[in-house]
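Enquirer: Next come the chains, spelled out residue by residue.
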Amino acid sequence: MELLKLVGVLIVVVGFALKKDTIATVVVAGVVTGLVAGMSFMDILTTLGKSFITQRTATLFVLTLPVIGISERYGLKDKAVDFISGIKNATTGRILALYQTIRALAAAFSLRLGGHPQFVRPLINPMAQAAAEAKFGAVDEKTEDEIKGYSAASENFGNFFAQNCFMGASGTLLIVTTLVEQGYQVDALQIAMMSIPIAVVSVLVGWVHAMMLDRKLKARFAESGKKEA
Amino acid sequence: MTVNTFIAEFFYCIIGVIFILVGLKTLRDSNLKTRITTALFWFILAFTFIVGPHIPYWITGLCVIAIAVLTAFNRVHQSASDVPSAEATRTNANKMGYKVFIPALSLALVAVLAATFLPFGANNAIGISAAVALIVAFIVTKAPAKSAVTDGSRLMDNVGTVGILPQLLAALGALFTAAGVGTVIAKGVSAIIPDGARLIAVAVYCIGMALFTIIMGNGFAAFSVITVGIGIPFLIMQGANPVVVGALGLTAGYCGTLLTPMAANFNIMPAALLETKDKYVIIKAQAPVAIAMLVIHIILMYILAF
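If you're matching them up, the sequences are chains A and B in order. Every letter in the first sequence is one number past the one before it in our numbering, and letter 67, counting from 1, is 67. Every number in our numbering is 1000 more than the matching position in the second sequence, counting from 1.
Chain B with its partners taken away, still in its complex shape (with noise of 0.2 Å):
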């Protein structure tokens, strides 16, 4: 094992058990009802990352559908944390004033200095950020040492389940790539886009992710699937650069995602909240700012990425 593969394992252990710390706190409320389903989930989950690379994948993969299970028969809640009361955060933000900041943003400086500067890999870089603007956190709000463990399960829970789904949807990839799913949508999208058309292709790759999103409101998902069917094979094997699509290919599709009632939690929710008499009134004011956007996508990736 390479050193910056044993760090890695390492980051991996502590989420794992940051899973088992969620789980945990499930299975002291004894007023949910599907608390012990619920910390399953977690527990599996926590043995994937912990276990799962010195076992055969196979295992993982049954823990994979077993996750599923669960979430599909609605067995996975949020359980009660120690949420901070209204009182609690005002008194503490008026005795720390603006030097609450500062965690969070060491939290990215950190990254970006230590991918650059050190020789443990830029993923290896997120936890170490992590590490240090922790050690930042307590010395800045001399919080004690197990509210690293309270609040940070408390916003785990908060993510809940779907904070596994990019994870989830790059392994949908991996099964579409070795099906073959990709090839099939590009040959069905080599109708559209003549040979070496850059431009063309361009556009297709960024509307066909604004239109996927509009339809499934979910950027995250119109990513795994047309960037493997349309990005790779009409983009990225033709030379652009995969930085370059994989960074604004996503970004394309959240100009999707702000005309679209399918988002129902950017666009639809917030005007029942702001009480409109016109519900889709979120959604006319970003209308011409995402059609600019992706007008400006497409401009942008052709530029840089070629």
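Chain A with its partners taken away, still in its complex shape (with noise of 0.2 Å):
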């Protein structure tokens, strides 16, 4: 019967998972979670009420949201392009390591970059492409494919890991959140300092992988140079 209680975890495994309404899903685990429990539904909502009335501090992201907006209506977005469209003679891995670590930087600083279509499609990729034919000529297309999912991953590594560097950041609030919610008194900027080693880690991490995609990249081009020859 113990068993029973996990009901609650499947229904969001699933609900997740075919794309249900998530907060119709989370809400429905929860009640029926109780429910299977033996708590009343009085209970029930009680105990919803006032984890979600102290767990408000999760939702406290909005209050930056007015800031964000008015820089982006006054061109931060256009002034990141034209930082990053500045990189020139770099390598293919450079350039993706470049941007992951500008990225990074920016997660960091809540500076909401809008990602793959504003920056991967438009700059990134184009830029990655071109560095690529600029230095092996033309590149077949499985190297071209592989470049894009390279370009498409730079932005995903540097938004993922710095992100709760940043104190307002929803994944912060969401960790303070869970864990004052059972007992344990951590604040945000204690979560956001200690997310500082894993972003920079993940920057490192991100140059690896560029790099060895600029050796792969010379290996497979200078192998066929040489058929050719």
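Rather than coming from a laboratory, the hints here were simulated on the basis of the structure. Because the structure is a prediction, the values reported are computed rather than measured. You may find that some hints are simply not true.
Simulated pairs of lysine-lysine, PhoX-like, Cα-Cα distance not exceeding 20 Å [what the hints assert, rightly or not]:
#1 A:K216 / B:K1284
#2 B:K1279 / A:K142
#3 B:K1099 / B:K1142
#4 B:K1284 / A:K142
#5 A:K77 / B:K1095
Hints given; two lone chains; assemble the complex.
Expert: What follows is the structure, encoded as structure tokens:
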């Protein structure tokens, strides 16, 4: 019977996996778990309401939106594009590593840089492709696909592992509220500071990954070059 | 009420006002078929933020159920916003130059400074930094005052209903704990974690975070389940530092995000956007980094937490 209590976990897993409405999934999982555990409906409402009120902390990021919105209107993203497109004479790997580094720094400072539609497609991928072509001549379709994959990946690496360095990030606040709710007093500054090591490591790993792409491309085209000659 | 709670409640009221502004913007959009229910969603949310602490908790519980019903039946949508055109932001950018980064940078810096040097706590520091950065933004951009309203509500509407997800997941964690879900998971997991085997416990937690994220496509949801079920009983209650476990736990989950087609907006939609031949090309590029990062998470958590 104890195992029945896990039905809430199951609902969350299935609901998210099937792309059901996230809010409804979470609320249904909570209510069902309470009912299975023998809580009264009133108890469930009170528990739900109480922690929803105490955990408003998790939604503090909303306060930062007006600043970001105004900055966007006055050209935040355009200037980021200007800055990145200024990278000159770099190899494919180096362009991607530099972008990931800039993206990580931006995420750590709460700058939401839009990601794939705004940077990778119009800017990073074309720059990375152009660098490969400049060095090796025309590249084959498989290589082009691979560079596209690496370009999109550099965006994700930079975005994911550095965003929690900002105190007002929703991930940071989720960590704080989850732990506080369970009785552990941590605050956003502590979590943000403790997120720095892995952010730094992710940039280093990203550089190694990008350098390996450069070596792979070099090896691939040096070989095919020999064959042609 | 202490000074800190008073300031905190003040900021929650401001958030409530932002929700109300999104609701009012929705009501003005006569092309939106669901404008009444969408506005209702934002007004209920505003009510919980502003009035919630002063009324019995079950009413807020009922409000949470109500917003879930609205989203479950797909009754909440984005309304039309005053979106700046590409030409407008380009012209502004040329005028502003790199100064445009100052408000956003001050957001992060002031938050850290306020949390470190002011006696109002880290949560209030976020609100204080938002207020200071807004003033900085007005000085730097000379934007009209109404921009705070139009651009704030535009972005909030953009974030949409999922913006409330972290808060809701924390509430789910509370219900799980009250129902004893953590204890059940802990009993099951204790079979694979020998007593006091810290490294194995760290590995199980980090890998569990990544696996659950792979299945669900969402690191946030995985975090609330796995932290309550594994992180707290097997790490924090065994003496691990909760700050380390929490901070590295969520990013361990992100290693899973890099590996899963379930996180379509990061891994699949961009592939379509880049018109790749192979739609898994991004996941393939990310796989070695994801695995390396997961191993590093385990090592780092083991070293830093104990």
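Enquirer: For each hint, tell me whether it holds in the structure or not.
Expert: Hints, one by one, checked against the model:
1. Pair hint K216 (chain A) plus K1284 (chain B) holds up; C-alpha atoms about 15 Å apart against a cutoff of 20 Å.
2. For the suggested pair K1279 (chain B) and K142 (chain A), the alpha carbons sit about 12 Å apart, so the restraint of at most 20 Å is met.
3. Using a Cα cut-off of 20 Å, the hinted pair K1099 (chain B) and K1142 (chain B) holds, with the two alpha carbons roughly 12 Å apart.
4. Restraint check for K1284 (chain B) and K142 (chain A): satisfied, since their Cα atoms lie roughly 13 Å apart, inside the 20 Å limit.
5. Our distance criterion of 20 Å between C-alpha atoms is met by K77 (chain A) and K1095 (chain B), whose separation comes to about 14 Å.
Hint violations for this structure: none, all hints satisfied.
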